[in-house]
Amino acid sequence: GAGVSQSPSNKVTEKGKDVELRCDPISGHTALYWYRQRLGQGLEFLIYFQGNSAPDKSGLPSDRFSAERTGESVSTLTIQRTQQEDSAVYLCASSLVGSPTDTQYFGPGTRLTVL
Amino acid sequence: QKEVEQNSGPLSVPEGAIASLNCTYSDRGSQSFFWYRQYSGKSPELIMFIYSNGDKEDGRFTAQLNKASQYVSLLIRDSQPSDSATYLCAVIGNYKLSFGAGTTVTVRA
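Line order of the protein sequences matches chains B and S. Under the numbering used here, the first residue of the first sequence is numbered 249, with each subsequent residue one higher. Under the numbering used here, the first residue of the second sequence is numbered -4, with each subsequent residue one higher.
Because the hints were derived from the structure by calculation, they are not lab data. Incorrect hints may appear among the rest.
With a cut-off of at most 35 Å between alpha-carbon atoms, the simulated DSBU-like pairs for lysine-lysine come out as follows [stated by the list, open to error]:
(1) Lys51/S x Lys305/B
(2) Lys51/S x Lys259/B
(3) Lys263/B x Lys37/S
(4) Lys265/B x Lys51/S
A short, non-exhaustive set of chain B residues, derived as facing chain S with CB atoms under 10 Å [unchecked claim]:
(5) Glu292
(6) Asp311
(7) Ser347
Where chain B lies over chain S, by a calculated footprint (3+ residues, C-beta under 8 Å) [unchecked claim]:
(8) 22 to 30
(9) 40 to 50
(10) 69 to 80
Since the model is a prediction, treat every value here as computed from it, not as a measurement. All C-beta atoms, glycine included, are put in the ideal place defined by N, C-alpha and C.
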């Protein structure tokens, strides 16, 4: 079936504007993750959703970042009042049940550039 | 101390040689270990996972895990130019993947 999809693929915005990034997980996957990857660096965990449980927001870098998920489907990551240091690729991943042995499958990412 | 550490490279190997990638992790409670490959400008794709101590082979790839030493490695045999990429080591404790910064591998034709 279809993999994880993300939109937009690229987003250029001006400092101070709000942006919204979208993720469609693999159908049937109950767990969804957001990561950030700055240029030349590894992935940083941002937030994790599992079913109807409260999300783990421990990786969000500031209160300008928030995320929502509708049931076990689409998720949106919102960055308010964007700063230049927010420029990065934002990757979404999903897994079947979110267990420690689950494989996470990544979407193509959204490349965010804040001018 | 970072949770997952890798040599950043670049690691340059001739075509047909073995590429050896190393990764250490700090959380002794980590249960699952993954190797992802990431081509430039692309998202990570899973190559292998390993849960138990010892070796696990899949085609030209072998993952090795030593939980006592908190060490996981990836061997790429008969390296091909198409193996040129950044290889990310990832470790799960509960559900969060902690990634290393990645090792860039270049296979010389």
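Hints versus structure:
no.: 1; hint: Lys51/S x Lys305/B; verdict: 34 Å, holds
no.: 2; hint: Lys51/S x Lys259/B; verdict: 40 Å, violated
no.: 3; hint: Lys263/B x Lys37/S; verdict: 25 Å, holds
no.: 4; hint: Lys265/B x Lys51/S; verdict: 48 Å, violated
no.: 5; hint: Glu292; verdict: 8 Å, holds
no.: 6; hint: Asp311; verdict: 20 Å, violated
no.: 7; hint: Ser347; verdict: 7 Å, holds
no.: 8; hint: 22 to 30; verdict: holds (count 3)
no.: 9; hint: 40 to 50; verdict: holds (count 4)
no.: 10; hint: 69 to 80; verdict: violated (count 0)
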